[in-house]
Amino acid sequence: MARDLAIDLGTANTLVYMKGRGIVLNEPSVIALNRQTGEVLATGREAWQMIGRTPGYIVAVRPLRGGAITDFEITERMIRLLLQRVGVSRFTRPKVVICVPSAITEVERRAVTDAARRAGAADANLIEQPMAAAIGADLPIDEPVGNMVIDIGGGTSETAVISLGGIVALEAVRVGSFDIDAAIQNYVRREHGIAIGERTAEEIKVAIGSAYPTLDENQAEVRGRDLMTGLPKTVLLTPEEVRFATEDVISSIVASVVRCLSKAPPELSQDFLVRGMYLVGGGGLLRGLAERIERETKVPVKMSNVPLEAVVLGAGHVIEHYEALKNMFMGARR
Amino acid sequence: MSTGIVILIVAVIVVVAVGLGRRLRRRAANDGVDSFRRQIDALSPEARKPTVDQVKSAERSNGDERADGSDVA
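One line per chain: the protein sequences are B and S, in this order.
Residue numbering for the first sequence follows numbering that gives the first Met the number 0, beginning at 0 and increasing consecutively.
Residue numbering for the second sequence follows numbering that gives the first Met the number 0, beginning at 0 and increasing consecutively.
One or more of the hints may lead you astray.
[Said to hold, decoys possible] Okay, derived cross-link-like pairs now, DSSO-like style, lysine-lysine, Cα gap no bigger than 27 Å in a straight line:
no., chain 1, residue 1, chain 2, residue 2
1, S, K55, B, K94
2, B, K18, B, K262
3, B, K232, S, K48
4, B, K297, S, K48
5, S, K48, B, K94
6, S, K55, B, K325
[As the list claims (entries may be wrong)] Just some of the chain B residues that point at chain S, by a computed CB distance under 7 Å:
no., residue
7, G21
8, D141
9, G315
10, H316
11, N326
[Unchecked claim] Looking from chain S toward chain B, a few residues come up when the C-beta cut is under 10 Å (computed):
no., residue
12, L23
13, R26
14, K48
I should point out that these hints are in silico values taken from the structure, not numbers from a laboratory.
In this text, all values refer to a predicted model and were calculated from it rather than measured experimentally.
We put the CB at the ideal spot given by N, CA and C, even for glycine.
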């Protein structure tokens, strides 16, 4: 008998929670394929290490962008391989709950559930990421009080107001931490004339990226390919430059939080001033982001204890209490 | 005679149908209340604790396996 699964199918990482066991898989959502034969060469961390470093016949891709499936067939193969790794076979078909961005279209929803069913799931249901994040972050969403969660993922940023187990207000933008990486890549190319890969851009973000000035500001040495000469070149990048490069993306995320706040009913709005808002997701780890949101909204912002695992933990809780919580699936509420 | 029996049968059917309908409607209303209560109970911190504890204990036994190869100097 298969154990039921909860999957956080993120643009950046895929996490799998197995009923009764906890988180059994946490890997980048990347797949490496042989371009000629279409054969899968690697998935997860192994494939992630290949990004930007492959010979011509290998391609390492992220099959999800902006939280949506960009290549259905590749996503299905990736899900199938990941499920195989956690023990799902042709004979053990578990029930699966998948976390998806709340803003995905009906067509995208169907693509995700179809991909999971074809990959071996007996039944696939979807749950909104901010709802799962709020459950996983241990917010008191069972009470009639305003709980606000900001989930910043690789491809989407979602803010939701939740009370009494339901979403009261929601705001989502298809902008996330990959857009911050892309902005850094573009800036370095434009201002310093060197080309860097997406992994290097991510490393710059982790090393010196910030959304608000911080106390420990260090420069970073960045190595790339000179666009004029084609030779390797090293440049120094400052945190102010990175803030300038990523300003548009950060502003767009902060603006969506402000829009969500303005949608909340007044009775719940006053709760935020006392209880604060909770940041989850890998993008929420960007230095100074909590301070920046706090400064612009005048509402306290707190970091979840489990920012990277909150979504899959929440979905895991739903799979543990499947019958009681099945009303929370997308499409179940009327 | 036969007309009387038919009317009686129809009346019995109507009474039974109305009774059944009322009972079903009451049960449906209670189902809504029960299902909402079950949902809220399942979302309580006490109900969520075992899920979080399970993951924490698994993390403790596995150690921190999160690795990221960041090497920007």
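Evaluation of the provided hints:
For the hint linking K55(S) to K94(B), the alpha-carbon distance of about 24 Å falls within 27 Å, and the restraint holds. With a C-alpha separation of about 36 Å, the suggested pairing of K18(B) with K262(B) is violated against the 27 Å cut-off. As the CA atoms of K232(B) and K48(S) are separated by approximately 52 Å, the hinted pair breaks the 27 Å bound. Straight-line distance between C-alpha atoms of K297(B) and K48(S) comes to about 31 Å, which puts the hinted pair past the 27 Å bound.
Distance restraint check for K48(S) and K94(B): the Cα-Cα separation of roughly 22 Å lies within the 27 Å cut-off, and the hinted pair is therefore satisfied. Straight-line distance between C-alpha atoms of K55(S) and K325(B) comes to about 25 Å, which keeps the hinted pair within the 27 Å bound. Restraint check, G21(B) versus chain S: the minimum CB separation of about 4 Å is within 7 Å; hint holds. Annotation: D141(B) was flagged as interfacial toward chain S, and the flag holds, the nearest CB pair being 4 Å apart, inside 7 Å.
Interface restraint check for G315(B): the shortest CB-CB distance to chain S comes to about 6 Å, inside 7 Å, so the restraint holds. Restraint check, H316(B) versus chain S: the minimum CB separation of about 4 Å is within 7 Å; hint holds. A least Cβ separation of about 6 Å between N326(B) and chain S falls short of the 7 Å threshold, and the interface hint therefore holds. Hint status for L23(S): violated, given a least beta-carbon distance of 19 Å to chain B, over 10 Å.
Proximity of R26(S) to chain B is violated relative to the hint, the smallest CB-CB distance being about 17 Å (cut-off 10 Å). Interface restraint check for K48(S): the shortest CB-CB distance to chain B comes to about 9 Å, inside 10 Å, so the restraint holds.
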